[in-house]
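Student: From first to last, the protein sequence lines stand for chains A and B.
1 is the number of the first residue of the first sequence in the numbering used here; add one for each residue after it.
1001 is the number of the first residue of the second sequence in the numbering used here; add one for each residue after it.
No wet-lab data here; the hints were simulated from the structure.
We put the CB at the ideal spot given by N, CA and C, even for glycine.
Hints should not be assumed to be uniformly reliable.
[Stated by the list, open to error] Reference listing, derived: stretches of chain A covered by chain B, where coverage requires no fewer than 3 residues with Cβ under 8 Å from a Cβ of chain B:
#1 98-112
#2 128-140
[What the hints assert, rightly or not] A few chain A positions that, by computed beta-carbon distances, are all more than 12 Å from chain B:
#3 43
#4 54
#5 59
#6 62
#7 162
#8 176
#9 203
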Amino acid sequence: MLLTRKALITLGICLCAPIGFAMATEIAGDHAPPPPQPAQHGVLEPGQLAGVRGSESVEQVTRDPRGEGQDWGITVFKSKGGQTCVARGRKVGKKVGEVDPDGRFTEYPIEDGATCVDLTVAPAGAQVTTDTRIGRTTVHGLAGPTVKAISVTANGVTEPVLIGPRGGFLHVLGPEILAPSDGRLRVQVTATLKDGSTLSLID
Amino acid sequence: MRRSLRDRRGQGGPLPVNCVNHGLVHGSSTSDSAFHSRVEGAPYDCAWYPSRCDLGQWNNVFTYGNAGRSATCDTFASNVGPECVGLSRTGKGDVGIYVFAYHAHWAHSRCF
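In isolation and in its complexed conformation, chain B is listed as follows (with noise of 0.2 Å):
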């Protein structure tokens, strides 16, 4: 017997928009070249979907996750340069379905 996380989602309404938190994660520092991208997962049913949390500097992807659909999806970078470059680029959904479509965040600090 084969199935999938996704039968286990509940069968609410309407998702919130953008549904859960997701983009640059600065950590301690807005400066100290360590950041992540990240889609946290949730309590709603579009957790229940795949995520992409790529993660790269000025408009230069480096680092691509991808996380099913039970875990936060999270990429790491450290000792890259400048933070304020920092790039995250993130996703979710499935096979023609978008909980949000692929997309990018700045730093904080953006400087370009």
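Pulled out of the complex, with its shape left as it was, chain A reads as follows (with noise of 0.2 Å):
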């Protein structure tokens, strides 16, 4: 008896298990929006982030905070699949890039794609980078026609922030401002919009 109540729990398992799983499956599959693609993990392409060369432009630029070195500014461009991008760093000549500890310059490939953000789901967008290597941070992103203005506030103090004719703002902040704790600052990014309300865009 004992071995015919275990057989038939066996029996009820393995027939209820599979109709389970394909419950699941179709409750999940109603639910799920199908990917355009597969997400990647590890190595990845640019993809549809890719810049079109062509479409970049320079604005933004700003001093160093200290001083040091050339100045900043920021790059904006298409992407392939139709974003607006921005990538920042040191402005030299008409070229935004990399300065590395030698001098040497690499103007910024924006064939690789940068901070992008799709303007047309989203009123603006935004990323605090920071740079242990010289101690500066840097807040760039790209506003949309609907925003009226940014501002940035690192450690309690807010400032605003200039957005540029295609959209792009960019704040560089010194070493002064580094949290001591984990080199990380405590940095706010809030966007203002025309209709008078405001949107936390890093907080």
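Using the supplied hints, reconstruct the complex from the two chains, each of which is provided in its own coordinate frame.
Tutor: So this is what it looks like as structure tokens:
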């Protein structure tokens, strides 16, 4: 009798598990958005974020907060997928890029993509970047046509940030503002929209 | 009135595994000492969470990137020595919500 009961339980599991799995899959399938492409994990290609050469322009040039090295700037460009992208760096001549400790300049490769925002979906987007080698923190991003103003609050001090003709913005902070414990800033970036509402981009 | 981008996300169901493309971007060459750490945006609910895209070499991060909810997170380095020891550390989520936890990716041509 005991064996019979075990056999029945085993038989029940064998029969019900596939049905249950199928039901769960069906339920998940009802709600899961179909992915346009599988998410990659590891080494990426720029894909649709690759910049379109000729669409780039430099704007929002600003001095280094300590007056060290070249000015800072951003390059704004369009990606193959139609997003607006922005990269920040040092401005040398009419280009923006990286200057290594030996003084060598490398223009930012827009073909690789950058910080990109779909401004048809989001009013604005922002990124905070801290380079511990040079003790600088930058806030850069993009604001769309519904944005009236951008402000940055770093360690409790709020400052307005100018928006460029293509929507790019840049703010550069010096080493004095670095948080001593973990090297990370406490930065908030806020967009004020033309309808008077505010939108937290980074908090 | 203050609102969050999170309010604008859709109300879909389960997220795809890892949700968005992320990791190390070599760019035009795997050996030119220029590479990115990146977390892409995507048309999924999870894309509306903040991202981290830290970058370094070996196990040492020297550039930290935090992107808001609507932007691709991207940090870039050039002329930093061998690209094969490049490191990308990425994460995505918000307080109490991890789309994916902070973790490491190395170069395709990893040499250590």
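Student: Evaluate each hint against the coordinates.
Tutor: Consistency of the hints with the structure:
Proximity of the stretch 98-112 of chain A to chain B, defined as three or more residues with a beta carbon under 8 Å from a beta carbon of that chain, is established by the 9 residues found. Proximity of the stretch 128-140 of chain A to chain B, defined as three or more residues with a beta carbon under 8 Å from a beta carbon of that chain, is established by the 6 residues found. The beta carbon of residue 43/A sits about 4 Å from the closest Cβ of chain B, which is not more than 12 Å, so the claim that it is off the interface is violated. Here residue 54/A stays apart from chain B, with its beta-carbon at least about 17 Å from theirs, past the 12 Å limit.
Distance check for residue 59/A against chain B: the nearest CB is about 17 Å away, which clears 12 Å, and the non-interface claim stands. Listed as a non-interface residue, residue 62/A keeps its Cβ farther than 12 Å from every Cβ of chain B; the least gap is roughly 19 Å. The Cβ of residue 162/A sits about 19 Å from the closest Cβ of chain B, beyond the 12 Å cut-off, so the non-interface label holds. Under the 12 Å C-beta cut-off, the non-interface status given to residue 176/A relative to chain B holds; the minimum distance is some 17 Å.
Listed as outside the interface, residue 203/A is inconsistent with that label: its C-beta sits roughly 8 Å from the nearest C-beta of chain B, within the 12 Å cut-off.
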